[in-house]
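Protein sequences, first through last, are from chains A and B.
Residue numbering for the first sequence follows the numbering used here, starting at 54 and increasing by one per position.
Residue numbering for the second sequence follows the numbering used here, starting at 54 and increasing by one per position.
Hints should not be assumed to be uniformly reliable.
Any copy, or any two copies together, can satisfy a pair, since identical chains are not distinguished.
To be verified - The calculated SDA-like cross-link candidates involving lysine to any residue, where the alpha carbons are at most 20 angstroms apart (straight line), are:
1) K61 to E242
2) K132 to I236
3) K132 to Q285
4) K132 to G282
5) K61 to I356
6) K132 to G225
7) K61 to D342
8) K132 to S322
9) K132 to T339
10) K132 to M238
11) K132 to E192
12) K132 to F283
13) K132 to R286
14) K132 to T71
Just so you know, the hints here were simulated from the structure itself, not pulled from any lab data.
These figures come from a predicted structure and were not determined experimentally.
2 protein chains.
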Amino acid sequence: MNSVDQAKSAFVAVDWGTSSFRGWLMAADGSVLAESRGSEGMLHCAGSGGFPPVLRDHRARLGASDQLPVLICGMAGAKQGWVEAPYLTTPTRLDALHVGAIRVDTSGDVRILPGVAQAQAEQPDVMRGEETQLLGITEADFTGLVCIPGTHSKWVLIENGGIAAFTTYMTGELFSVIAQHSILMHAVEAVGPLTQDGAPFREGLATARDMPGGLTASLFRLRAAQLLGFEQRADGAARLSGLLIGSEIADATQRFGGPCQLRLMAAGSLGALYHTALEASGFDVTVIDAEQASRRGLAKAAINLWGAQFSA
Amino acid sequence: MNSVDQAKSAFVAVDWGTSSFRGWLMAADGSVLAESRGSEGMLHCAGSGGFPPVLRDHRARLGASDQLPVLICGMAGAKQGWVEAPYLTTPTRLDALHVGAIRVDTSGDVRILPGVAQAQAEQPDVMRGEETQLLGITEADFTGLVCIPGTHSKWVLIENGGIAAFTTYMTGELFSVIAQHSILMHAVEAVGPLTQDGAPFREGLATARDMPGGLTASLFRLRAAQLLGFEQRADGAARLSGLLIGSEIADATQRFGGPCQLRLMAAGSLGALYHTALEASGFDVTVIDAEQASRRGLAKAAINLWGAQFSA
Chain A
54 MNSVDQAKSA FVAVDWGTSS FRGWLMAADG SVLAESRGSE GMLHCAGSGG
104 FPPVLRDHRA RLGASDQLPV LICGMAGAKQ GWVEAPYLTT PTRLDALHVG
154 AIRVDTSGDV RILPGVAQAQ AEQPDVMRGE ETQLLGITEA DFTGLVCIPG
204 THSKWVLIEN GGIAAFTTYM TGELFSVIAQ HSILMHAVEA VGPLTQDGAP
254 FREGLATARD MPGGLTASLF RLRAAQLLGF EQRADGAARL SGLLIGSEIA
304 DATQRFGGPC QLRLMAAGSL GALYHTALEA SGFDVTVIDA EQASRRGLAK
354 AAINLWGAQF SA
Chain B
54 MNSVDQAKSA FVAVDWGTSS FRGWLMAADG SVLAESRGSE GMLHCAGSGG
104 FPPVLRDHRA RLGASDQLPV LICGMAGAKQ GWVEAPYLTT PTRLDALHVG
154 AIRVDTSGDV RILPGVAQAQ AEQPDVMRGE ETQLLGITEA DFTGLVCIPG
204 THSKWVLIEN GGIAAFTTYM TGELFSVIAQ HSILMHAVEA VGPLTQDGAP
254 FREGLATARD MPGGLTASLF RLRAAQLLGF EQRADGAARL SGLLIGSEIA
304 DATQRFGGPC QLRLMAAGSL GALYHTALEA SGFDVTVIDA EQASRRGLAK
354 AAINLWGAQF SA
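One chain only, chain A, in its complex shape (with noise of 0.2 angstroms):
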């Protein structure tokens, strides 16, 4: 850090996620100062020392003072994170998520920013992290549609800069489980990035638009095929991920009545696969790197919260 960015910073923004810490050092401005990330996520810091040292070690590498305020976002705030942050129920305004925030009970003024939850009984639904990075992407009368794979891919309907509805799909975390503990282990190969237009993902994703209550006798059906010849295991992951997407996309087009315009917010090969799946599925697809989501949607919620304190 040199002396001028120092004179500069006027808060500190942090995504701190289950298994990640991103910190960043911010002007009044919402520009970045400085950067600083590392692995002590909340399951880190819930099985080791809790989350003030970890927050103390950064802000230090952040050359960030005691005196500017901290503003997070994420598992932090959950139940089992640093301080619940009580969730805010939709319909809700993105920019009013700062209203939430909870102050915790520690040096300087550290405060997390609430989740977002759909508490009705016959559509629970929960989110933590998506809707600060949903208020860094959207403007504040922003309406659309907006998709946010992972391991737990997020589609949100937003109407005036609101969160009117969303569901969550398991999309992710099946892969992961399925092919690593399954018989389908047998199936699928450890693979790099997946070719994102290759035939067996393309399959897949027809396959689960063709027959979308299908999907557990697909699944045993892509292990027959390698048993009878059709398909190479190294198909296997490409043909998965298909299926998965592919079935994630045909229930949110019902739900939601796509096709539609729609803003993809991704990043990597993940990205380019729902990218394709999308446009294959009739959308027009705008996409929107995730990586700056999240500590734009932060420096938005700083300066609603202390702005100006910021200008004083």
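Based on these hints, arrange chain B on the given structure of chain A.
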């Protein structure tokens, strides 16, 4: 063994599965003279001293002479088993299974029945063991639908005593891997036999029937419902079971043109769950105990193979 039984003995029947061995000393009329069970399934044998010593031990326990022929069904005939007994392909008559039996190069007359494959690129599927059970529970001219619940549940359309088509669902295995290895491990308690007519199980069935393509979303909602206080952890296993069994039944109903008359080949609490679920979906269910099915099928095939020799 007493000498009367010894005099009547005609052959040894073996159901050699993935993780279990069940052998019977049989009379020429198909009646049981003695039984020997063990945990030396295919996985055990492949990982240790192989198949011959296990068979030798069980023959001795049964008091079976070395002259008696042995007929085996199940995973011992898989590629990774003792000797591969190549699949018969659909459509195939059940009373012709013995024609596909492979003779093992060992002392005495030891044969392994084949599995059955649906060798179609669009809907590949395989069974090994169930074909023998089906032979055991159907008449020579039987036409109808059979459901065999389990780790890999099978729905089999039988026409005039032959397997016309079948579909396998990964229902039981998905329950295990999801309950043990996914985030739902926090939402599902290790339980004893489920209460088949509980509300969470029936609601899971209804959810799967109403939203057949929404399985991967319904799975996450099971977790979210508990986080939001709509359900207790004690009900998680029943709901998960309802979602997966309901998904299987909804797809099979569409695929095989049900609801209709159906033979349910099952046992114990799993059989009771499927019975409840199938009747709730409108099927006219006849329950057939699965325990005896393999032995009866082996007896029928053995008499087809060696009947003339027995009566000589």
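Against the structure, the hints come out as follows:
1. In this assembly of identical chains, K61 and E242 lie within 20 angstroms of each other by CA distance neither inside one copy nor across copies; the values are 50 angstroms within and 52 angstroms between.
2. In the homo-oligomer, the alpha carbons of K132 and I236 lie at most 20 angstroms apart only across protomers (15 angstroms), although the nearest pairing inside one protomer, at 34 angstroms, exceeds that limit.
3. In this assembly of identical chains, the alpha carbons of K132 and Q285 lie at most 20 angstroms apart only when taken from different copies (16 angstroms versus 44 angstroms within one copy).
4. Taking the closest pair of Cα atoms, K132 and G282 come within 20 angstroms of each other only across two copies (13 angstroms); inside a single copy the shortest separation is 49 angstroms, beyond that limit.
5. With identical chains, the CA atoms of K61 and I356 are at most 20 angstroms apart within one copy only, with a shortest distance of 14 angstroms there and 91 angstroms across copies.
6. For the homomeric pair K132 and G225, neither the shortest alpha-carbon distance inside one copy (23 angstroms) nor that between copies (31 angstroms) is at most 20 angstroms.
7. Proximity of K61 and D342 under a CA criterion of 20 angstroms is satisfied in neither setting, with 26 angstroms inside one chain copy and 77 angstroms between copies.
8. Taking identical chains as interchangeable, the C-alpha atoms of K132 and S322 are never at most 20 angstroms apart, the minima being 32 angstroms within one chain and 36 angstroms between chains.
9. For a Cα distance limit of 20 angstroms, the shortest separation of K132 from T339 qualifies neither inside one copy, at 34 angstroms, nor across copies, at 48 angstroms.
10. In this assembly of identical chains, the alpha carbons of K132 and M238 lie at most 20 angstroms apart only when taken from different copies (17 angstroms versus 34 angstroms within one copy).
11. Taking identical chains as interchangeable, the C-alpha atoms of K132 and E192 are never at most 20 angstroms apart, the minima being 30 angstroms within one chain and 59 angstroms between chains.
12. Only between protomers do K132 and F283 lie at most 20 angstroms apart by alpha-carbon distance; the minimum there is 16 angstroms, versus 48 angstroms within a single protomer.
13. Taking identical chains as interchangeable, the C-alpha atoms of K132 and R286 lie at most 20 angstroms apart only when they sit on different chains, with a minimum of 16 angstroms there against 41 angstroms within one chain.
14. Proximity of K132 and T71 under a CA criterion of 20 angstroms is satisfied intra-copy only: 12 angstroms inside one chain copy versus 42 angstroms between copies.
Checked against the numbered hints above, the structure violates hints 1, 6, 7, 8, 9 and 11; every other hint is satisfied.
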